[in-house]
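So you can see what is in the structure, the chains are spelled out below.
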Amino acid sequence: MSGIIGKKIGMTSIYDAAGKNIPVTVIEAGPCVVTQIRTKEVDGYEAVQLAFDEKKEKHTTKALKGHFDKAGTTPKKIMAEFTRFDADHNKSYGDLVSVDVFTEGEFIDVVGTTKGKGFQGVVKRHGFAGVGEATHGQHNRLRAPGSVGASSYPSRVFKGIRMAGRMGGVRRKVINLQIIRLIAEKNLILVKGAVPGANGSYLILERWS
Amino acid sequence: MSKHPLLQYVDGFTEIQKLPNFKAGDTITVHYKIKEGEKERIQQYQGIVLQRSGAGKVETFTVRKMSGNVGVERIFPVASPNIDKIDVNKRGVVRRARIFYLRKLTGKKARIKEKVY
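Protein chains in written order, with this note's numbering: chain A, 1 to 209; chain B, 1 to 117.
Treat each hint with caution, since some may be false.
[Said to hold, decoys possible] No more than 20 Å apart at the CA atoms, straight line, and that leaves these computed lysine-lysine pairs for PhoX-like:
1) Lys77/A <-> Lys65/A
2) Lys20/A <-> Lys192/A
3) Lys3/B <-> Lys33/B
4) Lys109/B <-> Lys90/B
5) Lys18/B <-> Lys33/B
6) Lys20/A <-> Lys113/B
7) Lys85/B <-> Lys65/B
8) Lys3/B <-> Lys186/A
9) Lys23/B <-> Lys113/B
10) Lys65/B <-> Lys109/B
11) Lys85/B <-> Lys35/B
12) Lys20/A <-> Lys23/B
13) Lys109/B <-> Lys20/A
14) Lys20/A <-> Lys3/B
15) Lys70/A <-> Lys58/A
Derived from the structure by calculation, the hints contain no laboratory data.
Same shape as in the complex, but just chain B (with noise of 0.2 Å):
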């Protein structure tokens, strides 16, 4: 069912800067646009992609990153305003879209074979 002509008209509104082609098991860094009070400073943040989530305005994105010994895992809005620029450091080769495996290894195992042109 394609998406009704006023919902399309709404969707218009938001505008996605252009990104890098990336999809899962690819390593990224997203520079995140963070306000604290007046100033605005730049965060990176750099983890492996799970999945790419629903399409259009609303589609987002999932970054993994082992802080120490603990998993954080954000979901980033593709149309985010609020994404400076986004590095793709590592393609990745993996078999599905949604790689939520990753989640269970941890060590040699977690790694995922980078792919070679």
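Isolated chain A, as found in the complex (with noise of 0.2 Å):
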């Protein structure tokens, strides 16, 4: 899995050759730093790390701080792991990853954190219909879960029931997206549609193949 680190900038539309409209997605992406290499013997795994976005030295920790000064770089805000970034093994503390990873027109994994929704109900939450009509005397009931369970037998709600709940805000990978274009001068990366998140939140790259 190759890959790179981005922040989302927002959405737009672009037209390709044919006239054709194409939603697409502005991602800043890189240049990351290589921070640290996971190898077999020391780590059990293999991997490597990048880190991305600039981060103020008053912000950050004397330990994650010598952490930066071992690959010889600036502090930054974001870390992720890559798992078999290259089958070669040739990058070393301190490289460059640009958008540069990837080429137009392949497809991508996009990761992300959803946006908040707060406490929601059932039908927002899971798509439930509600109970009932919303006319002929039906009162109160039209976004009501309905039933939970059964009732004497057995006397509890059973774990995993489908209910009311804070949404959003979990971690979501949207699988296949096109590149339509890579701009490496201004380390940008254009995907077809959307993908998790609000605007400015960071996201992980990502290329299975």
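Take the two lone chains and join them into the complex the hints point to.
Listed below in structure tokens is the structure:
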């Protein structure tokens, strides 16, 4: 899995050569720094750790500062590990990874944290249809969850019954998004369609093939 | 909130051709390029503008026409390279920017007063 860390800028649309309107998400990705190499002998698995986005030194703990010093780089805001980043093991501490890890037209997966929706009912959260009708004397059951189980047996509600609660703000992966355009001089990646999260949130872009 | 500079940079790839000014209530003819296999021809679509929606390079407009008894609405992106040209046939007098009430009206009621200069 090779990849890069990015930041969601926002959505817009561009036109292809045939005049077709393509909705795209603009992602500012990299350049990322290799801050650690995980090896089989030391860590038990192989991976490459990348770091992205400048952070002020006064906001960095001394422990993290040492970690970044080892790679010879300034403190960064976010780090992520990529297993099997390159088969040839030719990455070393402090190497830069930029958008050219991908090529235009290929399909990648994007991981992000979805927008938090707060405490939501079952209609929005789980797609329930509500109970009964809106008219014919019905009242205040329109968005209710309905029955949550039987009565004296089992005399309890089973675990895992879908109910109202906190929605959103969880890690989600969207697979097979096509890269429409790579703009190397501005470190931009344009992928087709939407990605999880608010504008300005961090994303992990990965390719598994 | 203003648009992120990088988003403006990406928007810069799209070019909007010069179109005449029109707004909701106007009757316009959109000359639209259609590709059929290798050949390209131009189709005309005449109707009343219901709304202009969005801003900048992602702005669209909706044109409604009656095709026989059936209402047809088409949404065109303003930046679409497939728009050959737009003719403004009539300037209508309407009081709002989005005239969805027109959908419910038929016959004599569905007329829009023309603007006289």
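How the hints compare with the structure:
The straight-line distance between the Cα atoms of Lys77/A and Lys65/A is roughly 12 Å, inside the 20 Å bound, and the hint therefore holds. In summary, the hint linking Lys20/A to Lys192/A is supported, as the alpha carbons are separated by about 13 Å, within the 20 Å threshold. With a C-alpha separation of about 31 Å, the suggested pairing of Lys3/B with Lys33/B is violated against the 20 Å cut-off. Note on Lys109/B and Lys90/B: the hinted pairing holds, with a Cα-Cα distance of about 17 Å set against a maximum of 20 Å.
Under the criterion of a C-alpha separation no larger than 20 Å, the hint pairing Lys18/B with Lys33/B is consistent with the structure, at around 16 Å. A C-alpha spacing of about 36 Å is found between Lys20/A and Lys113/B, which places the hinted pair above 20 Å, so the restraint is violated. With a CA separation close to 18 Å, the supplied pair Lys85/B and Lys65/B stays within the 20 Å bound. Distance hint between Lys3/B and Lys186/A is fulfilled; the C-alpha atoms sit about 17 Å from each other, no more than 20 Å.
As the CA atoms of Lys23/B and Lys113/B are separated by approximately 14 Å, the hinted pair is consistent with the 20 Å bound. In summary, the hint linking Lys65/B to Lys109/B is supported, as the alpha carbons are separated by about 15 Å, within the 20 Å threshold. At roughly 16 Å between alpha-carbon atoms, Lys85/B and Lys35/B fall within 20 Å of each other, so this suggested pair holds. Straight-line distance between C-alpha atoms of Lys20/A and Lys23/B comes to about 25 Å, which puts the hinted pair past the 20 Å bound.
Of the supplied pair hints, the one linking Lys109/B and Lys20/A is violated, its CA atoms being roughly 37 Å apart against a limit of 20 Å. For the suggested pair Lys20/A and Lys3/B, the alpha carbons sit about 24 Å apart, so the restraint of at most 20 Å is broken. The straight-line distance between the Cα atoms of Lys70/A and Lys58/A is roughly 18 Å, inside the 20 Å bound, and the hint therefore holds.
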